[in-house]
Amino acid sequence: MPIVVNGQNYETDEEGYLTNRNDWNEDLAKEMAKVDNCDLSQNHWEVINFLREYYEEYQIAPAVRVLTKAIGKKLGPDKGNSKYLYELFPYGPAKQACKYAGLPKPTGCV
Amino acid sequence: MSETTGGVEMDEEVSGVVKKFLYVNRKAPYGTIYALESLEVVLIAAAFDQDVSLVFLDDGVYQLVKGQHTKPIDVKNFSPTYRALEGYDIEKLYVEKESLEARGLTEADLIVPVTLLSATEMAELMEDQDVVMSF
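Read top to bottom, the protein sequences are chains V and X.
Position 95 (the first sequence) corresponds to 95 in our numbering; numbering is contiguous.
Position 43 (the second sequence) corresponds to 43 in our numbering; numbering is contiguous.
Just chain V, with the same shape it has in the complex (with noise of 0.2 angstroms):
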């Protein structure tokens, strides 16, 4: 199923998950993210760009628990713990903010 931004049709599996990487920018998330009737602010950013990064170095998108050790270590406690990373992606933080992220589904991630 397509998403439409801004006149251009991008390509999803039947999840929801962008196709191509290669295609993702700033407004493809926000689009995705308002289906989901979430709006993004600074923090779910945080995550977002934190999640592009670690793909970028490993070619995994990493599973929850890994993911919520690795905002530790980069943004502090407040940040790296389940409640925080949960309130922010309801759906799973893993599986949710790697969707907005143009990422594949964690590996392992039903």
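Everything labelled a hint here was simulated from the structure, so no lab data went into it.
Be aware that a few hints might be false.
Said to hold, decoys possible - Examples of chain X residues lying across from chain V (beta carbon under 10 angstroms, computed):
(1) Leu22
(2) Ala46
(3) Ala47
(4) Phe78
(5) Arg83
(6) Asp89
(7) Ala119
For each residue, glycine too, the CB sits at the ideal point set by N, CA and C.
Chain X: place on chain V using the hints.
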């Protein structure tokens, strides 16, 4: 005390057991799906908090070689993912010394820190495991 059911007690015991899992990687990274499949199994199984070790021998040592350029064969270079293993608490990576030497490689050619083992030491490591999975 008098009405204990063996089943319940056993379940509690079993859930806390940590087993030693060894993943043996023997094949070159590309050309077959074994290397990538093994890595994915390792990443998924990391969630179960077991005692995990990875072994690289024969052509499997090529999986860890630096500077893999996969564009000409049009497949994804997944070697950077081995550097993510540390974040998954998988820190026991072993490479067979003989396999490395036979291919003209040294530890400096590898993208992650590893422990070198001789073939004899490798056999001992395998002997010591509860579960060995070979890819």
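A quick look at each hint next to the structure:
1. The restraint placing Leu22/X at the interface with chain V is violated, with a minimum CB-CB distance near 20 angstroms, outside the 10 angstroms limit.
2. Using the Cβ-Cβ criterion of 10 angstroms, the hint placing Ala46/X at the interface with chain V is satisfied: the shortest such distance is roughly 7 angstroms.
3. Because the smallest distance between the Cβ of Ala47/X and any Cβ of chain V comes to about 6 angstroms, under 10 angstroms, the interface hint for this residue holds.
4. Restraint check, Phe78/X versus chain V: the minimum CB separation of about 6 angstroms is within 10 angstroms; hint holds.
5. This hint holds: Arg83/X has a C-beta 6 angstroms from the nearest C-beta of chain V, less than the 10 angstroms allowed.
6. The beta carbon of Asp89/X comes within 9 angstroms of a beta carbon in chain V, closer than 10 angstroms, and the hint placing it at the interface holds.
7. For Ala119/X, the interface hint is violated, since its Cβ never comes within 10 angstroms of a Cβ in chain V; the closest pair sits about 31 angstroms apart.
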